[in-house]
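*Asks:* Given the coordinates of chain A, assemble chain B onto it according to the supplied hints.
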Amino acid sequence: MSTIAECMIAFIFGSVVGLLVQRSRFCNTAALRDAIMFQTYRNTKALLVAMMILTLGFTAFMTVGAGHPLDFDVGLNTFLGLFLFGVGMVLAGACTVSTWVKAAEGNVGAVWALLFTFIGMFLFSLLWSYNQWPPAPASMTGDPNPEALQAGFANARTLQEKTGIPAIVFGLIQFAVLLGIYRAIRRKEKAREQDDAHE
Amino acid sequence: MIKGVVLLDEDLHLLLSYRFFRLQRRHKCLARYLCPRGAKRRLLAKITTTGRARWPILASTIQQGGKVELFKKTLDPVFALAVIAVLDIFLFLTIGAWTVGGGETMMTGLMAQAILGEDLKRLPFWSLVFQPHWDYWKMYISLGMFFGAFLGAVLSKEFYLRVPRRLSEWVMITLGGLLMGVGIRLAFVCNVSTFFGLTPEMNLGGYLAVSGIVAGAWVGSLVYKKMLEG
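Order-wise, the sequence lines are chains A and B. Letter 5 of the first sequence, counting from 1, is numbered 5 in the working numbering, and no numbers are missing. Letter 227 of the second sequence, counting from 1, is numbered 227 in the working numbering, and no numbers are missing.
Just chain B, same shape as in the assembly:
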C-alpha cells in the first residue's frame, strides 16, 4: 500500500492538467474537486506508480516513515520548518528576522542600475527608498537559498531541467510573477516576512497581510481551477 503520497508542486501543474483529469474521467468522477476521498487516493496511488518513468522525482517522494535520510527521502516539512524557525530566532537576535522581498527589490535595483546606469537615480524610488548597493544583507539570504537548494537538488539527484509545456502555463507564470512583484512593493512585505516575521512579532501588518494573502490565494485558486478546467 502506498502511504502518504506527496504531490510535488511543479508536477501539480502537469498532473492536474493531463493525467489527473483523464484518470478521473475514467473513474467516472463528475468533477475534479468533488471526487470521493477513497477514489482520490486511489488516483494518487495510480499516478505515482504509473508516473515513475516520466517523473522520477515523484517516485522519490513516497514517504515511508522511519529514519530520516537527508538526500534519499523527503524530509518531514514540520521538522524542516521547526529547524528553520529556531535558526530564524538566532537571525532575529543578530540582524533581523528572515525576509525575502527586500533582497529581491535590491537585486531589481542593481539590475536596473546595470542596464540604465546613472539614469536610475532620476527615479525617486531608487534614490529615496532603495538606493542600490551591494552590501544589503537580505539579498544574501535569497542567494543563499538558491545555493542551498541547488546543493540539495544535486546531491539528491533531483536536478534536471523542467520546462512548462503549454502556453497557458507560461501565461499564468508571467502574470503571477508580475502580480507578486507589484504586490511585494505595494505592501512592503512578502509572504516570508508575513508568516515568519511580522505575525510572530505580533505586528499589526502581519494580520493585515495574512488576511490579504489568504483572500488572494482563495481568489487565485478559483482562477487556477477555471483555467485548468477551461
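So here's chain A without its partners, still in its complex pose:
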C-alpha cells in the first residue's frame, strides 16, 4: 500500500475515533482514575468491552497469519515508562487521546498538556542521545536479553509458533479473564443500585 493511502486511512480512522470519543466523553484516564478514586466504572466498562473485542479480533487474525502486530522488545523500561505516564495522565487530567479531543473542544489546559508532552519527549530524546539507553537498537534482539534489561517480546503469534497451539486459544483465555473483570464490575454496580434503592 502506498504511503499516502496509509496516511489517508489513518486520518479517516482518527477522525471517526475523535468524533466518537468526543460524543461519548470516553477517557482512558477517567477509566482508571474514576475506578480508583470514586469507584465509578462508566469508562472502565467501555475500555474492557473494547479490549474484549480486540482480543478476539487480533488473535483470530493472528491465527491465520494476517494483520500487523507490534514487534518490539519490552522490559523494565516498559513498566517504568507507563508508571510515569500513569502519574502524569492523572495529574494532567487527560491521556494521549483525550488531550487531542479536549484540545479540539477548546480546552486551553489540554493544549498546554499536549505542548508539555512534546517537550517531555524532546527532553527524553536528549537523555537517550546522551547514554543511548533504553533500548539501544543493538540490544533489541526479540529474545530475552537481561544485560540490556530487555525481556524480549512474545505475543499470541509467537506463542502459536512456539507451542503449535492456535493464537485464538490464548485469545479466548484472555477474553474470559476480561469478561470476568467486566462481570465483577457489573455485580458491584448492581449491589450499589440496590443499596441506593433501599435508602
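Calculated from the structure, these hints are not laboratory results. Be aware that a few hints might be false.
Unchecked claim - With a cut-off of at most 25 Å between alpha-carbon atoms, the simulated DSS-like pairs for lysine-lysine come out as follows: (1) Lys45(A) <-> Lys190(A); (2) Lys188(A) <-> Lys45(A); (3) Lys188(A) <-> Lys225(B); (4) Lys45(A) <-> Lys73(B); (5) Lys73(B) <-> Lys157(B); (6) Lys225(B) <-> Lys45(A).
*Replies:* Just chain B, lined up with the frame of chain A:
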C-alpha cells in the same frame, strides 16, 4: 429524578475543587471520599441542576436513555468503544493497530527540526530511532482525532474556550504533560498502544504496561487527592 449523571473530565477539576467540596461541607460529610453513597448522588444531582448556567455542557450530558442522537445526547461509551474496536481490527489488518505515542514523537521531531534545523541530526535519537519525516501514518491518526473531535464539538455546540483558573491546576497539567512525554519515550508505548494494541495482541509488553499504568494511576490519584485537599 436525575439518572445516570455523568461528570465530565474537564469539569471534574473545577467541580471537585470548588463546588463539590463546599457542598459536601454543607451536607456534613466528613471526608470527600468517605461520603455515604446516597448523599454523593444527591450532591451530583444538585451540581447538575445548579451548574447549568455556568457549565452548559454538564446539563447536556444527562443521559436519559432511549434512542441515540449523535449531536444532542452523549453516546454510551461502551457503544462508541465497540465501534472503535471493530474499526481498529480493520486498521490492524491494513496497516497496524491504533497507537498515538509514535505519531506524537514524530510531531516532536518535526517541530524540533523546524526550530533547530540540521542541528537536530547531531542528536543520535533523531538520526537512529526516529528520523523526522512527513509521511508517517501514525501522525495522521492523531491529527484525525483532533479534526473529528473538533467537528463533533462544533456540531453539538460544545466548543468553547475553557481555561484552567488556578495556578495549582496549571502546575499539575505542566507536570503531567512532562511525565506523559517522558513516560511514552521511556516505554516506547502510550496508553492507547497498551490497551488497544499490545494487550489484545497478548504481547508481554502489554501486561507490563498495564501493571505500570495502573500503579501510576493509583499513585497519581493519591497525589491528586492530596493536592485537592491541601
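*Asks:* If any of the earlier hints don't hold here, list their numbers in rising order.
*Replies:* none
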